[in-house]
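Chains as they are written, first to last, in my numbering: chain A, 1 to 301; chain B, 1 to 438.
To be clear, the hints were calculated from the coordinates, so they are not data collected in a lab.
Being a predicted model, the structure only gives us computed values, none of them experimental.
Warning: the hint list may mix true and false statements.
Pairs of lysine-lysine, DSBU-like flavour, derived with a Cα cap of 30 Å [said to hold, decoys possible]:
| id | chain 1 | residue 1 | chain 2 | residue 2 |
| --- | --- | --- | --- | --- |
| 1 | B | 412 | A | 134 |
| 2 | A | 126 | A | 171 |
| 3 | A | 206 | B | 17 |
| 4 | B | 299 | A | 86 |
| 5 | A | 110 | B | 221 |
| 6 | B | 17 | A | 69 |
| 7 | A | 126 | B | 412 |
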Amino acid sequence: MSILQVQNVSKFYSNHTALDNISFDVPRGKIFGLLGPNGAGKTSLIRIVNQITAPDEGQIIFDNEVLNKHHIKRIGYLPEERGLYKKMSVYDQLLYFAKLRGMNIAEAKKTISEWLEKFEATSWKKKKIEELSKAMQQKIQFIVTVMHNPDFIILDEPFTGFDPKNTQLIKDEIENLKNNGASIMLSTHRMENVEAICDNVVLINKAHLVTQGSVMDVRNSLKDNTYELRYAGEKLKTKIAGIEILDEYLVDELNCIKFSYRDNKPNLQLFVNEEIDIKEYREIIPSMQDVFLTLTDLNNE
Amino acid sequence: MNNIWIITAREYFTRVKKRSFILMTLLTPLLITAFYGVIIWVSIGQSSTVEHQSIVVVDHSGIFKNKIQNLESITFLHREAFTVEKLIESENIDGMVSVPMDFSIDKPLALKYESMNSLSVNNTVRIESVFREVLRRQKLKISGVSQNTIDSLQSSVSLTQFTVEKDGSTKSSNVGILTGLGMALAFMIYMFIFLYGVQVMKGVIEEKTNRIVELIVSTVKPFQLMMGKVIGIALVGLTQLSIWITLTTILMGIVGVVVGLNMNDLQNVSEIANNPMLAEMDKGNVDMIATALNLPFLKIFGVFVFYFLGGYLFYGALFAAIGSAVDSETDTQQFMLPITLPLVFSFAISFSIVVGDPHGTLATWMSMIPISSPVVMMVRLPFMGAEHTWQILLSMAIMIASIVGVIWLAGKIYRTGILMYGKKPTYKELAKWLFYKN
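Bound conformation, chain A alone:
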């Protein structure tokens, strides 16, 4: 079951193509990563989902209906370029956005108090946005995004400007939202976060869809039959038949080799006769960072 289906969506501007026939599904109740280098077309796509602009071709299906204006209130959006009214107080600001989302006042006031409490922000209520620190502003922006309890939340670079403690706080909140049934689309350049919290990803480059799937599937799709062995003791002297050593190095005073099997069949037994103390043995699966760099050709530069 998908919360959002992007179907053959294209968007053209006068001098370039922002999106070229993009299709993918965003699963319900999961955290979905929308990845791609700067200028790949992510923002165009997000704007289309938010109905700020319309696609030139294709369509978006939201919760089994063609995307329409009734869905706006079910979507929460944290734009990459953060913005709030600088001279308005935190509380007035939150209340204003609550009203625009069609929440009733009593419900809005209750929700706002709960969120301010959660972010230990109750004491800033009367302060103007411009008087707050960057991280505080980010938290208010996060509250604006999620306070109307949307089914689908789009977070564009939600971690920028946060220290590790606050990053963790936001991560936990995202997990919470997911556990409460929301579906989340996360756009970020920080691949370690993608690995840590995303279930599925789609990678866009230069207006085209490059790959999609679960994080594990995407990573596995790029593995190239390389393995790493870490061992203590004397360095291997003899060549081992059946493997091709690609690299040798030291990690934490352990000898390491990076190798591939000649016949593509993993066989740990090859090392049994050697007088080494095996500490670690693993297949090298590319990190999301590697996937990103490989598929967007950035590592060739």
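With chain A held as given, fit chain B onto it using these hints.
Below, chain B alone, put in the same frame as chain A:
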């Protein structure tokens, strides 16, 4: 629709609560009243303490000898000879007029006036007329007119104007007060369009540079955001205007009582003025006040409020479009000019040509074209009778249609502009935005 009101409310209350707004709103009526008070005080003071002048006449030609009559404020002293040195020495002589030897009635040469302080316009006219009167009498006498006839020729005339209504009734009208009223109204509209139009533009730029639009337009339509802002600021203007009118009226009333004019007097004055026989007895002030009282206030107020709002909406939408097209206020110049120029132009034309000829071709056309009609119509309005009603209605209809058109255009530019960052667009690109699908 609901969203527009939420946005309108925000725009309205954040502005009305500002300290600068409260200060401006309360101080302006005080300033107007103070200004008004000073003018009254000065004019009352002046009429009772007009400085008396003594002027020496050195008549080398002998034509004016013993013929110059003293005026209330000027005494003429005849001297055979008088010099500039003496003028500087003597403290009670203000100036000297020299009549050259070869001055003759048939060939009057320019008279020379010398003094430490230059003459006021009024006194110049007075002195000139005194000398002119002497020459006139001399000429009449030479042509054989008797002294009695010459004296009986002395008469004064002043023009009392009456506006004729369709039903045959007449009202006295004073051009001065009509012109003054028209210009005051036109000036208020002109000011309002500028002050509040720029506020709309600044508001849009603020939202754009804050990047808050991205968030808001994911919730409301750009058009709603624009309209909310334009309407909100219009309400701020109306609030300010009504406070100004109320406070100024109250304060002026207080000043009026202090100065000695009360409403009963005004009533009597009105009756006097409506009776042509009585009116002639006390012209001047009575005429002016009567004109003021006879004006169709309700009509003028209604039409004023219409153009006050209409002009603002017309220009405000354009200002919103400019704000959306640029990234910062410094980039607005290029786009401001085509909007401010017609406005300044129509203001200038109003105060020069339209005032002089309120029903002329230029005035009529300019009061129809929505770019200039809010200002020009105000100048014309006090002069317009029932036979001009169709013009007002036509102009209003054109205004309404234009507002719809301009808002539609501005909405198109705004919608695209607010999400465009980076380089300043050209006019060509702006035109392209009009045709973007979404």
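Cross-check of the supplied hints:
{"no.": "1", "hint": "412(B) with 134(A)", "result": "violated, 34 Å"}
{"no.": "2", "hint": "126(A) with 171(A)", "result": "holds, 27 Å"}
{"no.": "3", "hint": "206(A) with 17(B)", "result": "violated, 48 Å"}
{"no.": "4", "hint": "299(B) with 86(A)", "result": "violated, 43 Å"}
{"no.": "5", "hint": "110(A) with 221(B)", "result": "holds, 27 Å"}
{"no.": "6", "hint": "17(B) with 69(A)", "result": "violated, 34 Å"}
{"no.": "7", "hint": "126(A) with 412(B)", "result": "violated, 37 Å"}
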